[in-house]
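As they're listed, the protein sequences go chains A and B.
Under our numbering, residue 362 is the last one in the first sequence; the count climbs by one each step, no gaps.
Under our numbering, residue 362 is the last one in the second sequence; the count climbs by one each step, no gaps.
Please note that a few of the clues may not be correct.
Which copy is meant is left open, because identical chains are indistinguishable; a pair holds if it fits in one copy or across any two.
To be verified - In the DSBU-like style, the derived pairs of lysine-lysine whose C-alpha atoms are separated by at most 35 Å in a straight line are:
1. Lys253 x Lys103
2. Lys119 x Lys159
3. Lys119 x Lys353
4. Lys103 x Lys159
Hint data in this document are derived by calculation from the structure and do not stem from the laboratory.
Number of protein chains: 2
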Amino acid sequence: MTPLASWNDGSAKSAIVDFVDRVVRDVAPPERVAVFDNDGTLWCEKPAYIQLDFLIRRLAAKAAADPGLAREQPYLAASTADLGWFGAAITRHYQGDDTALKVLAAAVMSLHESMAVEDHAALVSAFFAEATHPTLGRPYRDCVYAPMVELLRYLEDHQFSCYIVSGGARDFMRPVTEAVYGIPPERVVGSAQGLKFTGDSTGHGDLLIQPTLDVFDDGPEKPVRIWSRIGRRPILSAGNSNGDDEMLMYSGRPDASALRLIVLHDDDDREFSYTAGAERLLEHAGAHGWTVVSMKNDWATVFGD
Amino acid sequence: MTPLASWNDGSAKSAIVDFVDRVVRDVAPPERVAVFDNDGTLWCEKPAYIQLDFLIRRLAAKAAADPGLAREQPYLAASTADLGWFGAAITRHYQGDDTALKVLAAAVMSLHESMAVEDHAALVSAFFAEATHPTLGRPYRDCVYAPMVELLRYLEDHQFSCYIVSGGARDFMRPVTEAVYGIPPERVVGSAQGLKFTGDSTGHGDLLIQPTLDVFDDGPEKPVRIWSRIGRRPILSAGNSNGDDEMLMYSGRPDASALRLIVLHDDDDREFSYTAGAERLLEHAGAHGWTVVSMKNDWATVFGD
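Model the full structure from these sequences, guided by the hints.
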């Protein structure tokens with residue numbers, strides 16, 4: 058099979074192929090570390106994060122089991138499919154008003170309180186087995202970008218180790234990343250709630266989810282978590298929003314080559330078109346010569362069919 | 058070569074071989090996760106943690122560069138090689154008096170403040186290139202237990218993934234684990250100071266060490282960090298002190314087999330003999346049928362020569 062067949066010929070594809078050729082010549086395999094943002098970089102993040110759909114369904118299920126809750130936010134919005142309430146909570150947060158987002162965050166933190174991590178993983182797997190994208194009309198698990206999955210395989214064929222480093226929840230991604238990306242759970246870094254070990258008198262124990270935020274893996278936290286998890290500096294990184302800027306800056310040393318990829322959402326026909334939230338990243342791309350990948354021009358297909 | 062040649066025939070060796078035979082038959086390779094404590098399990102921890110020797114040398118170097126400091130603790134003790142002061146600080150901590158340990162911890166936290174993680178790694182590498190164990194008369198890098206290194210290779214030969222999960226500092230272990238254990242940095246979990254990303258106007262950035270504790274990877278925190286890093290429950294675990302108890306409890310599910318190994322230091326001739334700090338672990342071993350490895354009886358050699 059032709060390498061990167063779902064990429065059109067052009068500067069982005071050339072930059073990838075040329076970089077990998079140099080790496081194979083110059084960089085020892087253990088140092089071939091590549092990191093990928095997830096939402097908007099590996100899978101679709103519009104009209105809302107896939108994880109938000111999961112959380113809304115969980116909030117609605119909780120309200121269905123406890124009808125008194127359904128009169129309060131965010132359960133009311135979840136129960137009535139009022140997606141505008143959730144969008145407004147996030148929009149207002151960026152405008153400096155955290156009121157609704159705090160109500161949402163508190164409800165989300167308590168959603169899986171005291172649940173064992175394996176039971177939570179089963180809920181996520183059940184979601185991905187059936188949930189469908191609201192406008193693309195395909196299962197969420199088929200909303201991954203085929204050219205990026207092809208890039209993961211191309212890099213692995215050249216002895217790269219590929220990691221996901223996302224602001225999304227680590228334990229929301231892990232149950233599905235092996236199936237949709239070929240990335241095993243130990244290569245998934247993301248945001249996380251606190252966990253607490255509890256043991257019993259038979260010598261066994263479980264990890265229970267706590268109603269606290271352990272880490273929000275975004276912006277300057279991304280390079281911190283990369284070092285914590287990998288202990289190496291990536292030489293290739295890919296992102297699509299301002300929250301990926303520091304991860305791309307941390308990739309490569311000043312005296313060595315690195316490849317920094319930015320997925321530009323400019324394809325309203327096949328996916329979505331937006332740059333909101335990517336302003337700083339795109340400015341840095343221009344200033345520092347990072348590689349912008351146009352979904353419209355550089356990808357022969359978006360979803361692989 | 059005979060598998061596990063540096064292990065004497067006996068119940069510990071049989072338990073390992075029988076377990077691995079079952080795993081090869083019953084467990085898919087990605088689920089073959091093994092976790093190992095480091096101090097006292099993979100390398101020698103007496104008469105003091107190897108990391109403490111590194112820190113004392115660093116404190117002494119700081120005092121030499123700033124003689125005013127040498128009048129204060131812990132710099133005074135470090136400069137005069139007063140190891141008793143450090144031992145007493147730790148002993149008093151376990152007796153409920155944290156005064157000296159807090160003085161020590163504050164000095165340790167500030168030792169590498171604002172240093173880039175790669176520069177810290179170079180200091181650690183320089184230490185291991187020359188530092189020698191105070192009583193065994195061998196370089197620290199040769200104070201690793203040969204039977205345990207052999208066990209790591211035996212497990213890897215059967216498609217296990219082996220991780221270190223230590224209360225010791227992650228970034229103190231990583232520069233040397235590949236050389237002494239064949240364990241790469243991405244498979245090393247440990248305690249850590251805070252890190253902060255700092256970027257510059259050329260589009261590059263570094264991670265700088267902060268004077269804060271990010272995580273103390275001991276006791277109930279070990280299973281939490283294992284899940285955070287690996288996302289799978291180990292099926293084999295090895296430790297030697299109470300701080301490993303929860304990690305061993307978290308290994309395996311109640312309905313599936315797991316192997317839990319405890320390194321018992323009972324060999325005053327070849328290494329050291331002590332059970333202080335392992336009381337609860339040994340009690341659990343007896344109650345739950347965990348496998349105790351006697352250094353004296355189960356190991357044909359300790360350091361491989």
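Structure-based check of each hint:
{"no.": "1", "hint": "Lys253 x Lys103", "result": "both (33 Å within a copy, 31 Å between copies)"}
{"no.": "2", "hint": "Lys119 x Lys159", "result": "within (18 Å within a copy, 45 Å between copies)"}
{"no.": "3", "hint": "Lys119 x Lys353", "result": "neither (41 Å within a copy, 57 Å between copies)"}
{"no.": "4", "hint": "Lys103 x Lys159", "result": "within (22 Å within a copy, 50 Å between copies)"}
Going down the numbered hints, you'll see the structure goes against just number 3.
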